Amino acid sequence: MSIYLAVAGMPVNIFLIIGLGGLVGVLSGLFGVGGGFLLTPLLMMVGIPPAVAAASDSNQIVAASSSGAIAHKRLGNVDMKMGIIFLVGGIMGGTVGAQLVKILRNLGNYDFAVKIIYVVVLAGIGGFMLVESLNALRGKVKPVDHGKPSFFKRLMTTLPLQTDFGVSGIRASVIVVVGLGFLVGLMAALMGVGGGFITVPAMIYLLGMPTMVAIGTDLFQIVFTSMNVTFQQAITNHTVDVVLAVLLFCGSTIGAQIGARLSSRFKGEQLRILLALIVLAVMVQMFISLITAPQEVIGLTRGGGGH
Amino acid sequence: MKSAVKMVCLALFTLLLLMGAAPSALADPVTLNVQPDKVEVGVNYAGSRVTVSGRVPPGSQVLIKVESPERTVGLSKKGRVGGLFYMTVATVNVKGMPGMYKVLSSGKIAGLPAGLQERLGVDPEFRSICSRGQVMQKREEKSIILPPAQAQEYLAGLVRLNTKRGLYSMEDYAVQVESGVYRAVLAVPPDVPRGDSKITVYAVKNGSVLAAASTALPVVNIGLVRSLGNMAQTNAVAYGALCIVVALAAGISIAGLFRLINKLIFKDEGIGAHH
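Top to bottom, those sequences are chains A and B.
For the first sequence, the numbering used here assigns the number 1 to the initial residue and increments by one for each residue that follows.
For the second sequence, the numbering used here assigns the number 1 to the initial residue and increments by one for each residue that follows.
These aren't lab readings, by the way, just hints derived from the structure by calculation.
Computed from a predicted structure; not experimentally measured.
Note that the Cβ used here is the ideal one computed from N, Cα and C, for glycine as well.
Possibly wrong hints are sitting among the right ones.
Which bits of chain B does chain A cover? Going by a derived footprint, with three or more residues having C-beta under 8 Å, they are [to be verified]:
hint, region
1, 33-46
2, 86-92
3, 127-136
4, 249-255
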């Protein structure tokens with residue numbers, strides 16, 4: 001059964017799209033991260049023009065993150081104060097990042113830089129999580145709780161504007177939270193991703209938030225960032241396909257429920273090992289695609305397809 | 001008197017003209033029927049088939065050419081960077097090439113004289129179409145047109161891309177001709193360009209065109225495809241707002257629904273951790 005997508009300008013198989021959404025939903029339900037950076041490449045693989053895939057994915061994330069954030073709010077997993085302050089930094093970082101992208105594009109070789117950053121960041125996060133969770137599983141001390149106070153921890157507790165984050169159970173400087181939000185927003189804009197897979201580890205390992213609160217708070221702030229991205233894409237590139245987004249959401253919401261139920265059967269460390277392996281696999285796949293000769297030298301650009 | 005003479009002269013002249021033109025006027029003209037006579041792209045559209053038929057002078061080879069309006073396409077070129085990595089090294093816009101270009105023939109297209117192939121734009125390598133394409137590259141805020149030697153690579157790449165997507169084709173023996181009646185089925189690909197495509201039929205004999213006929217094949221969006229597609233292009237702010245409202249409504253209602261399901265079936269709160 002197929003449906004013709006008005007904005008993508010092509011027919012798609014309904015079940016294939018719902019299935020893709022479901023697959024990514026299971027992973028997100030399991031780990032609490034991983035929507036954007038997996039779904040967009042998958043959509044491109046089934047022939048959706050890259051620009052439409054990325055823009056519609058962010059529209060889908062509006063739906064998925066809002067339903068997820070509501071569920072987490074009910075369980076007391078959303079630190080609104082943290083989310084809003086983080087968001088302030090994120091928006092500033094995103095704005096600076098967008099300008100930076102313009103400058104870098106004019107310098108040329110922008111795509112090259114982005115891909116290299118992407119691979120390095122993925123390798124760093126994946127590698128760190130893998131080592132950390134393997135250690136935790138072996139019963140070694142958690143560096144977050146007992147290690148000697150890191151440079152970042154000292155910054156967090158000594159900079160001015162100290163405030164309590166009740167839900168997270170931590171005390172930190174507003175400057176640090178805004179700064180972290182800024183960095184994540186900057187990276188997200190540079191790499192063209194939502195940033196969830198950077199935010200959650202940053203909240204857990206740098207700010208010391210409990211895993212579930214980090215996930216809930218991340219979802220809360222992603223509702224707003226993805227709304228902003230969707231709107232910008234709609235008015236500048238005309239590439240948001242709302243029908244595609246709804247189809248994806250149908251799949252991802254069911255998948256997420258399944259994933260969430262599966263996740264209660266695993267230990268937190270086991271989940272983090274799995275997530276680390278997936279992040280590393282994406283990194284390796286990207287790296288391989290960077291060093292293998294393409295079959296077709298000429299391809300459609302992000303503006304291609306559609307009308 | 002003078003005017004009467006003039007009238008007679010004019011009448012005689014007209015008669016002479018008509019007689020002179022008679023042989024070709026009396027020969028079998030080409031007729032052209034297209035069924036259905038337009039392509040409607042709705043929610044259920046997944047490509048379609050259009051039957052092209054009519055009469056041609058007996059014994060002639062039939063060529064059907066289908067050409068859509070021009071469509072500007074953005075292309076990127078991948079190349080080696082730093083001796084190890086492959087990535088986009090250039091992006092261009094190609095103008096002047098039709099979005100769809102299909103030629104169906106009753107015989108071998110390659111068997112036609114080169115001059116005729118070029119004149120009708122039916123050479124198997126799409127060279128005549130490529131000669132119309134302009135490859136624009138942006139350099140320091142200015143668009144320049146690449147010289148043919150550099151443009152060729154992009155044009156050839158675009159032809160390959162379009163051929164793969166069913167937008168370009170040169171099909172031998174795709175038209176059936178029997179005692180002056182021809183018939184062909186044209187496969188219209190899913191991402192056919194909107195607007196009026198032009199269908200032209202040529203009857204070719206002994207290396208020259210005996211007669212030709214052409215008609216327009218309108219390709220239009222209908223229903224939801226039309227309303228959403230139009231809105232996304234012409235009313236982007238409202239469309240963007242609509243996308244957000246739809247997504248939020250879906251997210252909020254699903255959260256409520258699953259809360260209910262979790263309560264009734266699993267007797268717990270579930271964990272809605274996803275994004």
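Outcome of the hint check:
| no. | hint | in the structure |
| --- | --- | --- |
| 1 | 33-46 | holds (count 6) |
| 2 | 86-92 | holds (count 4) |
| 3 | 127-136 | violated (count 0) |
| 4 | 249-255 | holds (count 5) |
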